[in-house]
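Asker: So the chains spell out like this:
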Amino acid sequence: MNAILIALIVLGGIGLLLAIVLFSAARAFKVEEDPRIGQVQAVLPGANCGGCGFPGCRGFAEACVKSDSLDGLRCPVGGDDVMKQVGIILDMVPAESKPKVAVLRCQGTCERRPRTNRYDSAPSCMIASALYGGETGCSYGCLGLGDCVKVCQFGALSIDPATGMPVVDEERCTSCGACVKACPKGLFELRFKGPKSRRIYVSCRNKDKGPVAKKACETACIGCSKCQKACEFEAITIENNLAYIDFNKCRMCRKCVEECPQGSIVELNFPPRKKKEEAAPATEPKVAEPQAAPVAEPKAAEPQAAPVAEPKAPAAE
Amino acid sequence: MKTFTIGGIHPPESKLTAGKSIVDLPLPKQAVVLLGQHIGAPAQLVVERGAVVKTGQLLAKAGGFVSANIHSPVSGKIAKIGEAVDASGYPKPAVFIDVTEDDWAEEIVRTEKLERECRLTPEEIVAKIAEAGIVGMGGACFPASVKLTPPPGKKCDLLIINAVECEPYLTADHRLMLEKGPEIVIGIRILMKALGVDRAVIGIEENKPDAIELMRHLTISYPTIEVLPLQMHYPQGGEKQLIEAVSGRQVPSGALPIDVGKVVQNVGTVYAVYEAVQKNKPLIERIVTVTGKSLKHPGNFRVRIGTPIADLIEAAGGLPENAGKIISGGPMMGKALVGMDVPVAKGTSGVLVMDEAESVRKPVFDCIRCGKCIGACPMGLEPYLLSALAERQVWDRLEKEHIMDCIECGCCTFTCPANRPLLDYMRVGKAKVGAIIRSRKK
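Residue numbers (the working numbering), protein chains in the order written: chain S, -15 to 301; chain Z, 12 to 453.
Some clues are possibly wrong.
Said to hold, decoys possible - As a list, the in silico DSBU-like pairs of lysine-lysine whose alpha-carbon atoms are at most 35 Å apart: (1) S/K84 - S/K180; (2) S/K191 - Z/K307; (3) Z/K165 - S/K199; (4) S/K198 - Z/K346; (5) Z/K346 - S/K199; (6) Z/K13 - Z/K165; (7) Z/K346 - S/K169; (8) S/K210 - S/K180; (9) Z/K307 - S/K199; (10) S/K169 - Z/K307.
What the hints assert, rightly or not - Only some residues are given here: those of chain S computed to face chain Z with a beta carbon under 10 Å: (11) I4; (12) N101; (13) A106; (14) P107; (15) I111; (16) L115; (17) E119; (18) G121.
I should point out that these hints are in silico values taken from the structure, not numbers from a laboratory.
For every residue, glycine included, the Cβ atom is placed at its ideal position computed from N, Cα and C.
Just chain S, same shape as in the assembly (with noise of 0.2 Å):
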């Protein structure tokens, strides 16, 4: 009895005194920070993705506290509601911004951009594009080895079989930009997700010279300019052979998808119209068909050669 009595006493009394001493510690080392991090942290995704720009979600919190305002500061995975949550939390206003999505520039599939070489070594796009200029004659389009797949966290981008090249399922990316810094050839862009989902671009990087890039790829851009031309919103820029189209300026008129030769320009999510599909190579001579809408074309079309300004409205779309 007397045993048990001394050991219970003896390690009761050890514990005590390592509770006293570690309950002084807490209080005397206790780091002072502001409680809204943490609360600011609660509210965020947590993909810690880096997207926002700051290290991790608790230091994109870190940021937003210690900041006058939010602009500038955004969480590109939580969006609009996230940044209204930290808003609240912070009393202070949410800059709205519109959202992005990551766009592939490229369309250089094995059908539009024949293979001269077989590659074999490291199944990486880093690697392949180091040591030398792809399997292509485009040493600038995607080289389908994957870096982006494998980088992306949100798994927003597949391979597709078919083509051999990357595409971006927009309902699960979150424009964290991962993609973009992974492309050794720059091939990702975030560009503005536009209404009704719709974007057009560029889709080609390729700066060499017309007749080299067009031998290489069939929907190269071949630097013609004709985009340029017809777009009466100055939203492209031609550089080294090749066409940009500025997403801040570009009002969908989709003027630059007909004039281009090359099949370069890309309108995404757009109804079909009656000429022809998007991309498609420009083989069919152009005729200049007459730009009243046709009969057969459903009501609710948006007028073709209107600025879409605002979406008209709705319904059927």
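Using the hints provided, position chain Z relative to the given structure of chain S.
Answerer: Just chain Z now, kept in the frame of chain S:
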């Protein structure tokens, strides 16, 4: 027999063309002269499209201190100034010349007569070498005149001639020694004068007994030039490995051979120096070994720079049915070409046509941490770690782990039992870290 002490491997020699004497290759129809055939800034064009040029005429001037002149290897009209895909797989600036006849520039002496005397001063010799656009012909293509101009405070005490040719399949240097031995000895004496050294050593691997015998015979009257047979051990021809074998000195990490008082020149470069200094001939042609187990007529060819690889393969009997890869260089350090219209450059020492069966890489497995690569690395590096870091793009740690000391010899890839493409990762690491270091200096 002497050799280097760290790492190294023993790949099969495959010297199929060792007995084939050098044959002149007919001139191409169009020569494609790349403007970046050397380490350093690309050369700057001094001619325009449509100009008629003579063989040996200056096409482009050195673009900086570490750069080299480029001369026309043929005579004809400049058809185009554009881009051509080179061994790197990317299109690079090049001059396209349509070939007519073979009209040489007047100052070049075209006789075969042996010119023994050289009355130029060391500075004049180096200037002539620079003007001739001579670069390291072993493959590294470092401008020779820059190597022959030690930085202030550093002095050379020994000139080492690299006649090792350790790369399997290649025999260009071997044949050059057998057929142009006397010229090479004169070239060595010219270089010794240029550097102000009184000793030279010619390092030759023991698998070339005829060359060793011949060079010994030719240097009998020059006791300051020693012929040193070396053990067959890849990569004995690596600059740092050769210095260790010959002199016992190890070049420290990040340092250059001149820091331990040594200058190494490839024997092909020495021959080019003889031609430049004694015959006023700029660097416009070189010996290229065209080889491969299935080629009908493999051999060693004297080729003008700018000749498309297709012409060389034609001369060797045409592309075999079972060809898998066409490699510029040898099987260890060479690069597989993307097409046959890649032109010969100053550093193209060989063209190897590998059979399909031999050339396809075996399936890659995960690293098994066996450490064989560490044992094989002649620079004492850890390839398993460096390649893992390169794969994960950890550039700052790569720099700390001495990635820039890698000589890209390929020993690690050769020994890896998991068939991992270690050299490819190392090359990427070196390229990226090199770019980071260069941008820091600016």
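Asker: If a hint holds in the structure, say so; if it doesn't, say that too.
Answerer: To see whether the hints hold, each was checked on the structure:
A distance of roughly 12 Å separates the Cα atoms of S/K84 and S/K180; the hinted pair therefore holds under the 35 Å criterion. Using a Cα cut-off of 35 Å, the hinted pair S/K191 and Z/K307 is violated, with the two alpha carbons roughly 41 Å apart. The suggested pairing of Z/K165 with S/K199 is violated, with an alpha-carbon distance near 53 Å, which exceeds 35 Å. Simply put, S/K198 and Z/K346 have alpha-carbon atoms about 27 Å apart, close enough for the 35 Å limit, and the pair holds.
With a C-alpha separation of about 25 Å, the suggested pair Z/K346 and S/K199 falls inside the 35 Å cut-off, and the hint holds. Simply put, Z/K13 and Z/K165 have alpha-carbon atoms about 27 Å apart, close enough for the 35 Å limit, and the pair holds. Straight-line distance between C-alpha atoms of Z/K346 and S/K169 comes to about 22 Å, which keeps the hinted pair within the 35 Å bound. For the hint linking S/K210 to S/K180, the alpha-carbon distance of about 27 Å falls within 35 Å, and the restraint holds.
Between the alpha carbons of Z/K307 and S/K199 the distance comes to roughly 34 Å, so the proposed pair stays at or under 35 Å and holds. For the hint linking S/K169 to Z/K307, the alpha-carbon distance of about 41 Å lies beyond 35 Å, and the restraint is violated. Hint on S/I4 is violated. Least Cβ distance to chain Z is approximately 44 Å, over the 10 Å limit. Using the Cβ-Cβ criterion of 10 Å, the hint placing S/N101 at the interface with chain Z is satisfied: the shortest such distance is roughly 5 Å.
For S/A106, the interface hint holds, the least distance from its beta-carbon to any beta-carbon of chain Z being 5 Å, beneath 10 Å. The closest approach between the C-beta of S/P107 and any C-beta of chain Z is roughly 8 Å, which is under the 10 Å cut-off, so the hint is satisfied. A distance limit of 10 Å between C-beta atoms decides the matter here; for S/I111 the minimum to chain Z is near 5 Å, and the interface restraint holds. A hinted interface residue such as S/L115 counts as satisfied when its beta carbon comes closer than 10 Å to some beta carbon of chain Z; here the least separation is about 6 Å, so the hint holds.
Proximity of S/E119 to chain Z holds as hinted, the smallest CB-CB distance being about 8 Å (cut-off 10 Å). Taking 10 Å as the C-beta cut-off, the interface hint given for S/G121 holds, the closest approach to chain Z being about 9 Å.
When each numbered hint is compared with the structure, violations occur for hints 2, 3, 10 and 11.
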